[in-house]
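Residue numbers (the working numbering), protein chains in the order written: chain Z, -4 to 505; chain D, 620 to 1104.
Any given hint might turn out to be false.
As the list claims (entries may be wrong) - Below 27 Å or equal to it, Euclidean Cα-Cα: the simulated BS3-like pairs (lysine-lysine) are:
| # | chain 1 | residue 1 | chain 2 | residue 2 |
| --- | --- | --- | --- | --- |
| 1 | Z | Lys101 | D | Lys977 |
| 2 | D | Lys976 | Z | Lys158 |
| 3 | D | Lys967 | Z | Lys153 |
| 4 | Z | Lys352 | Z | Lys101 |
| 5 | Z | Lys352 | Z | Lys292 |
| 6 | D | Lys656 | Z | Lys101 |
| 7 | D | Lys809 | Z | Lys101 |
| 8 | D | Lys1050 | Z | Lys158 |
| 9 | Z | Lys358 | D | Lys977 |
| 10 | D | Lys976 | Z | Lys104 |
Said to hold, decoys possible - Chain Z residues, not near chain D, derived (Cβ > 10 Å throughout):
| # | residue |
| --- | --- |
| 11 | Val146 |
| 12 | Arg152 |
| 13 | Phe160 |
| 14 | Ala165 |
| 15 | Asp349 |
What the hints contain is simulated information worked out from the structure, not anything from laboratory work.
C-beta atoms are modelled at their ideal positions from N, C-alpha and C, and glycine is treated no differently.
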Amino acid sequence: MDFGYPVLTILIAFPLIAACGLFFLRAPQVVRYYTMAASLIECLLAIPLINFQLNADFQFVEQIDWVHKWGLQYYLGVDGISILMVLLTIAVLPLCVMCSWTYIGKREKEFHFCLLFMTSAVLGVFCALDLVLFYVFWEAMLIPMYLLIAVWGGDERKYASLKFFLYTLAGSTLLLAAIVAFRITGGTFSIPELMEMNFSFRFQFWAFLAMALAFAIKVPMFPFHTWLPAAHVQAPSAGSVILAAVLLKMGTYGFLRFCLPLTPAASEYFAPMMIAISIVSILYGGAIALGQSDIKKLVAYSSVGHMGFVTLGIFLFNQRGVEGALFQMLNHGIVTGALFMMIGCVYERSHSRDISKNMGLGKYLPAFMFFWGLMALASFGFPGTNGFVGEILVFVGAFQHSTIIGMLCVPGALLAAAYMFRVSLKMAWGKPSTAAGWRDLNAREWVYLTIPAVFVFWIGLAPTPFFKVIDPSVDKLLNDFDKRKVAVVESEQPLQTAAADVLNVLAGKK
Amino acid sequence: MNFNLTALVPELFFLTLVLVLMIQSLGDRNWQPPVEKWLPFGAGLAFFVSITGFGLHGTMFWDVYKVDLMSQFFKIVMAFGFYVVVLNASRQPTLAEGKRADYYMLLGFSTLGLMLLASAVELITIYLALELASYSMYAIIPLRAKDKGAAEAGIKYILFGAVATALALYGLSYIMAAQHTTHIAELMDKSWAFAENPMAVVGLSLFLAGMFFKLALFPFHFWCPDVYQGASNETAAFVATMPKLGAIVVLCRLAVLLKPGLEITTILAVLGACSMTFGNLSALAQTDLKRLLGFSSVAHAGYIMVGLVSGTPEGIGAAAFYGLAYLLMNLLVFWIVSRVASDGRNLKLADLNGLYKKAPVLAFSLAAGAFALVGLPPTMGFMGKFFLITSAWDHGYNWLVITLVLNSAIAIYYYLSLFRHAFTEEKVPGKVAAPDNGWFASAGAGMLAAAVLLIGILPAPLFNFAIRAGESLYGIVHAVGGAGH
Chain Z
-4 MDFGYPVLTI LIAFPLIAAC GLFFLRAPQV VRYYTMAASL IECLLAIPLI NFQLNADFQF
56 VEQIDWVHKW GLQYYLGVDG ISILMVLLTI AVLPLCVMCS WTYIGKREKE FHFCLLFMTS
116 AVLGVFCALD LVLFYVFWEA MLIPMYLLIA VWGGDERKYA SLKFFLYTLA GSTLLLAAIV
176 AFRITGGTFS IPELMEMNFS FRFQFWAFLA MALAFAIKVP MFPFHTWLPA AHVQAPSAGS
236 VILAAVLLKM GTYGFLRFCL PLTPAASEYF APMMIAISIV SILYGGAIAL GQSDIKKLVA
296 YSSVGHMGFV TLGIFLFNQR GVEGALFQML NHGIVTGALF MMIGCVYERS HSRDISKNMG
356 LGKYLPAFMF FWGLMALASF GFPGTNGFVG EILVFVGAFQ HSTIIGMLCV PGALLAAAYM
416 FRVSLKMAWG KPSTAAGWRD LNAREWVYLT IPAVFVFWIG LAPTPFFKVI DPSVDKLLND
476 FDKRKVAVVE SEQPLQTAAA DVLNVLAGKK
Chain D
620 MNFNLTALVP ELFFLTLVLV LMIQSLGDRN WQPPVEKWLP FGAGLAFFVS ITGFGLHGTM
680 FWDVYKVDLM SQFFKIVMAF GFYVVVLNAS RQPTLAEGKR ADYYMLLGFS TLGLMLLASA
740 VELITIYLAL ELASYSMYAI IPLRAKDKGA AEAGIKYILF GAVATALALY GLSYIMAAQH
800 TTHIAELMDK SWAFAENPMA VVGLSLFLAG MFFKLALFPF HFWCPDVYQG ASNETAAFVA
860 TMPKLGAIVV LCRLAVLLKP GLEITTILAV LGACSMTFGN LSALAQTDLK RLLGFSSVAH
920 AGYIMVGLVS GTPEGIGAAA FYGLAYLLMN LLVFWIVSRV ASDGRNLKLA DLNGLYKKAP
980 VLAFSLAAGA FALVGLPPTM GFMGKFFLIT SAWDHGYNWL VITLVLNSAI AIYYYLSLFR
1040 HAFTEEKVPG KVAAPDNGWF ASAGAGMLAA AVLLIGILPA PLFNFAIRAG ESLYGIVHAV
1100 GGAGH
């Protein structure tokens, strides 16, 4: 669909151009207002996206030759799966600027540069329809995130940032190998074209493993999750918000965009393993979160559990499961983002993230506690909130798939309720430590907490518009998947084949 | 003897430049204008002359000297490299006042030798050009006033170089004896399988050793970190970049002989893999910045092998493109090293601490350079590596590609530490000279960084040039404009 001007390119390029403008500014306050204005303009620039047609096609497509000889293209487009992620990313940006308004006390210019740069890169990831372009954006986002943690983070920021960088980059080198393999085998880097092709099972087997590792690290799935708590705890609020709201989604988006359509047979083959890992993630994340005394760490581990629901939904391969996964991606972005912003609020007041130092807020900070309670309810899927919609869909999908899998995730939901209740009760009614002198939410905090709250209720009470956007794409994804997953399983013993493949690759034979 | 003067314009221009430098170095020490005042313009002009000569082609001097797309690609790159090196060295603090003209003359001679190397298509000519390029290097490496390490570095370079060239000459004699020709074009039609012609294969391996020395490929890399460390920062910038281009162009030409699956190709692939692995692992332990860059260049030499063993025009194009990327990335990093060490000292990693505050443009450029060396998008290093991987996959050396990918993951750590020290470490080490933060330093770094990023984002024009150069070696001819015949 052609609108005469490149909507997606403008959305991707604008934050980057605005970021360059920061170099000409000096006063920290001016920098903040400038970035705020830029992020609001970015939201306005996204308005043309309401022309999105409710079908499964890639829309707002832009396609230009990049390196002709190698078939690289500058190829952008969004469908029902990616458009929500694009909108989420754009919506999170002004909230991040607002929640770091007084939080960031040094090098404001660079900080906001990183925020804007990051937004560009993440938008690129969700819009790219060329594998190499995708990879370029995927990697480009590492540098600003590294800086956000390493410069503005907590006491152990260096360790956390290095761990984050090494983990994710090591994972994505394998993704690059998979991308090259797709080009050699399929003859193109174009994702829509590759989606039409049937690859041999052996090829899919390896491609899936290489891609899934990169995505699993990003999600993060157990046991590749260890970078996440460190990164979350050390990152400044805005960093945690972006990390939770959009960065983790890149991993699950990768599963939906690449693993299912490009390697359907291998996805089917590995699904039991992925489901098992997801369930472990759900239970493990919940159990560890229950034992935390640091609020931020608690929410970070809860992310491992929540994202476990997302990957579980994806690998159920049924309508409800995938819809639920998409909803959970969106919900987790909204709710966990808001939770991290609120942790920033209390941290600014108490200079501690310890639960014991942030108690008794119900009396002194009622407005804050209202939002916290709301987000906590949404986080564990209380009916009427957005969390409920996503979680129930995944549950329905899981029970459709098999009763045992359904039963196995139930404790996950209970754990989520348990840790959220525990922390909320302590924060609301625990014995006040120093909270007596604190002021309740100021106007700025009201603004950036109200916006997620609106979405919590909107998605929770009237999710239909969101279904309309995602359903056609999910239908198409699953239809294609069902048609093509039957593709030839060449060998009865894929593990033996795998060993043979390793030897062949090392020997240079095809 | 066929001879076409117009096809030699870049070389002749360089020769003139070097002769003028020679006259100045022979004359009165106080000659006006000082060499640093005029040479940058001369070198800049030489770069433009090389660009204008891109379409030239022709064979001359009894077919030992060939002007084609491959040679012109490298001549442009070398002329650019020389230009940047001259600018970089223009404020060299560790060079004795009376030796400035001599210094540039030797740099110029070496560059001229490398340019001849780009066009040489016959083994003896290659050998002669290589020697011309090397002798000047032997002289300038110890030129670092009041530094004991400099002499040591010079001696190491000479001794290693002498052994390597001796091996090359020895290998050359074997090739001549076994194949009865030294022209690459004729050698292309001969068999290079060990079973059929063992002597020739041994000879070629030995001959390649001379190139490996220049490229600092394992196991001929031992000089590299020591020489970088001992030579002045500005000299190291030259040694780290330009001779490697010479080696790459010769290897590109010789790679035409190497079909995948041949023993000698496998040797190259194994050396490449060892080079990447040893280079990266050794670099992990370094704290001296130039030693770190030295070991990193050993690793990069290994990366280039990936393109060369693929046996396709694309692979050779990718290697040539990576040669250009390597030059730009290293010149950028060395530019910053030279500016940060404004008193000419050797930098430790800790000397970069807080660079973002003292010299933001240098710090940003260093980030671009370091990430390009890692191979992170959207830099030229990424595109270069990507082309190498894509060209080599499925041509018999998949394990080599996998080694490259794994090695990139290892390399992240030490390149990231450059970035980490510049941007996130605040503690500045004791009293040291402040970085040169003037407009000249910033502009140079900024422009090189912009080039690294811009070519990374839009690699197509240069890459197409490199590919066509690669195709020209295989006899795939495209119509190009320009003089000559």
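Hints, one by one, checked against the model:
Under the criterion of a C-alpha separation no larger than 27 Å, the hint pairing Lys101 (chain Z) with Lys977 (chain D) is consistent with the structure, at around 16 Å. Between Lys976 (chain D) and Lys158 (chain Z) the alpha-carbon distance is near 25 Å, which keeps this suggested pair within the 27 Å criterion. With a C-alpha separation of about 19 Å, the suggested pair Lys967 (chain D) and Lys153 (chain Z) falls inside the 27 Å cut-off, and the hint holds. Under the criterion of a C-alpha separation no larger than 27 Å, the hint pairing Lys352 (chain Z) with Lys101 (chain Z) is consistent with the structure, at around 25 Å.
Using a Cα cut-off of 27 Å, the hinted pair Lys352 (chain Z) and Lys292 (chain Z) holds, with the two alpha carbons roughly 15 Å apart. Our distance criterion of 27 Å between C-alpha atoms is broken by Lys656 (chain D) and Lys101 (chain Z), whose separation comes to about 42 Å. Only pairs whose Cα atoms come within 27 Å are accepted, and Lys809 (chain D) paired with Lys101 (chain Z) is rejected, the gap being roughly 67 Å. Distance check on the hinted pair: Lys1050 (chain D) and Lys158 (chain Z) sit about 32 Å apart at the alpha-carbon level, beyond 27 Å; violated.
For the hint linking Lys358 (chain Z) to Lys977 (chain D), the alpha-carbon distance of about 48 Å lies beyond 27 Å, and the restraint is violated. Between Lys976 (chain D) and Lys104 (chain Z) the CA atoms are separated by roughly 12 Å; this keeps the pair inside 27 Å, and the hint holds. A beta-carbon of chain D comes within 10 Å of the beta-carbon of Val146 (chain Z); the shortest separation is about 5 Å. A beta-carbon of chain D comes within 10 Å of the beta-carbon of Arg152 (chain Z); the shortest separation is about 8 Å.
Under the 10 Å C-beta cut-off, the non-interface status given to Phe160 (chain Z) relative to chain D is violated; the minimum distance is some 6 Å. At the 10 Å boundary, the C-beta of Ala165 (chain Z) falls inside the reach of chain D, the nearest C-beta of that chain being 5 Å off. The beta carbon of Asp349 (chain Z) sits about 26 Å from the closest Cβ of chain D, which is more than 10 Å, so the claim that it is off the interface holds.
Checked against the numbered hints given earlier, the structure breaks hints 6, 7, 8, 9, 11, 12, 13, 14 and satisfies all the rest.
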